[in-house]
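From first to last, the protein sequence lines are chains Z and V.
Read in order, the letters of the first sequence are residues 1 to 95 in the numbering used here.
Read in order, the letters of the second sequence are residues 1001 to 1488 in the numbering used here.
Think of the hints as simulated: they come from the structure by calculation, not from any bench.
Source: prediction; values computed, not measured.
Treat each hint with caution, since some may be false.
[Said to hold, decoys possible] Here are the computed lysine to aspartate or glutamate pairs in the EDC-like style, where the Cα-Cα straight-line distance is at most 16 Å:
(1) V:K1056 with Z:E7
(2) Z:K92 with V:E1099
(3) V:K1021 with Z:E69
(4) V:K1021 with Z:E64
(5) V:K1021 with Z:D82
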Amino acid sequence: MSIERQEIEKLATLSRIAIGEDTITEVSQRLSSVLELVDQLQAVNTEGVAAMSHPMKATQRLREDEVKEINQREAFQAIAPDTEDGLFLVPKVIE
Amino acid sequence: MSYSGWETVIGLEVHVQLATKTKIFSGASTDFGAEANTQACAVDLAMPGTLPVLNKQAVHYAVMFGLAIDAEIGQESAFERKNYFYPDSPKGYQTTQLEKPIVGRGNVEIKLADGRTKNVRIHHAHLEEDAGKSLHEGSFRHGVSGIDLNRAGTPLIEIVSEPDMSNAEEAIAFAKKLHSIVTSIGICDGEMSQGSMRFDVNVSVRPTGTSELGTRTETKNLNSFKFMEEAIHKEVERQIDLIEDGGTVTQETRLYNGDTKVARSMRSKEEANDYRYFPCPDLLPVIVSDETVEELRRNLPELPDARQARFVEQYGLSDYDAGVLGSDAAMATYFEVTAETSGNSKLAANWTMGELSARLNSQDLSISKSPVIAEQLGGLVARIADNSISGKMAKQVFEGMWAGEGSADEVIEARGLKQVSDSGALEQMVTDVLTANQGMVDDYIKSDEAKRKKKLGGFMGKIMQASKGQANPQQVNQILAQKLSELV
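Work out the full structure: start from the sequences and follow the hints.
This is the structure:
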């Protein structure tokens, strides 16, 4: 299964990733080869095998509900591109 | 509101913030109202290298909800990533559950105004994280949005109903019942104004008698029962008008502004997000053991239906009163303390549902924030019940307590509101008033039986005035009737 140029463009938009005209063919080829690998896997008979959400034979450890984090806003905002009054500022977004 | 020839189909998706101390995947506090971004830690900000660790309490709260609606509990559940780009979700995806939710099919019974009950099926409920908040107006400069990530990572359960409701009344009854359940079992504080419960309403219409579902729209993020009702009415009307005018309903997401009463389209299906769900590699399958489920079942607090039945039984309340007092956990506790402090459950019920609720509503306060606590109201009810004060005085005492003047007895003492119930003193008072108003007495004697009854009020007024409102009205009534009958 190969991936169409249009699909690459759609994925790029959804992921907010800019893919230049010069690389789009290469990206398309690489993703197609991943999908080909998946096609091969699809050929395996999985009848009666339960879907697996994780490869490890382990289960999620749970954390006690206790506050462990302290306020480190200053440190986090020091590396942010733009802040004001404790808020992170981003280009205006209204849905 | 109903349109002949049409029926409405409604399903709800309800987001419930769980009352945990910390986030679902981090140890940052979930306290409401903190300064912006002071409760957003490295995990909540999606800093590189951070990993989620699931909050045990959030899992337990979700299981408790499942038990409360008699649902199948997913003994193994898993988390997925729902990918979308929006600045209030810095990871670029929401960690949620899709294939294996923690709570499976269940049932919620609702009671309607005409006394009918109806079962609403729950499709499932899953655990997920809340997003942060985007602020589009503030002291910051024009053309940017401010992001506060304190809410990012707050644990939620999303409850998805089947489309089993057929009008706004049923949808509201269902929403209120869920509110009642989650507050009663203590998994949510139920503070709607703080966004602790938010409703997405799916609405479609179809010609009466047909079984095929019409195209539905989803109105998102309603945070009050009133707004929900308005939004449903408006949407049903819009869809029917559209179809009757020859148009078709488009599947879309809509927003309803409760302040301006205007609904608008947010995005259509064509523009709908393609979420590209996949299993979250950072989180392992979640196993809830049978022992844990059984322990949570044993310790599950009283459910609203059971509590309402107990109120009827234990306190002799009417079904209606038990419904009002028993549905909200905080109100139920308040009533029980008031009833026990006062020793008079009927009066306690009247005052909790009457004066107290009216005052709280008018000032937009929840009962947990009431300036008059249950013990104080109980003290007041006790003084009404033992005839120390009249109903009119009680209102003044309530005012005093509301203003922070202390217990009922302290206000009664400070304001000199003691009711005079000493029969000797009252008899003297009645005699004095009758003597001073001979004209009225003569007039009374001359009147026929029917008119006499009406004239009693005049005497009562004079006597209450003479006693500065402190005479016990029931006793005065009796003494007055007795004295007048002696004169006739």
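Hints and how they fare:
1. Simply put, K1056 of chain V and E7 of chain Z have alpha-carbon atoms about 40 Å apart, too far for the 16 Å limit, and the pair is violated.
2. Taking the CA atoms of K92 of chain Z and E1099 of chain V, the gap is near 34 Å; set against the 16 Å cutoff, the hint is violated.
3. Only pairs whose Cα atoms come within 16 Å are accepted, and K1021 of chain V paired with E69 of chain Z is accepted, the gap being roughly 12 Å.
4. Proposed proximity of K1021 of chain V and E64 of chain Z is supported: the alpha carbons are some 10 Å apart, at most 16 Å.
5. Only pairs whose Cα atoms come within 16 Å are accepted, and K1021 of chain V paired with D82 of chain Z is rejected, the gap being roughly 30 Å.
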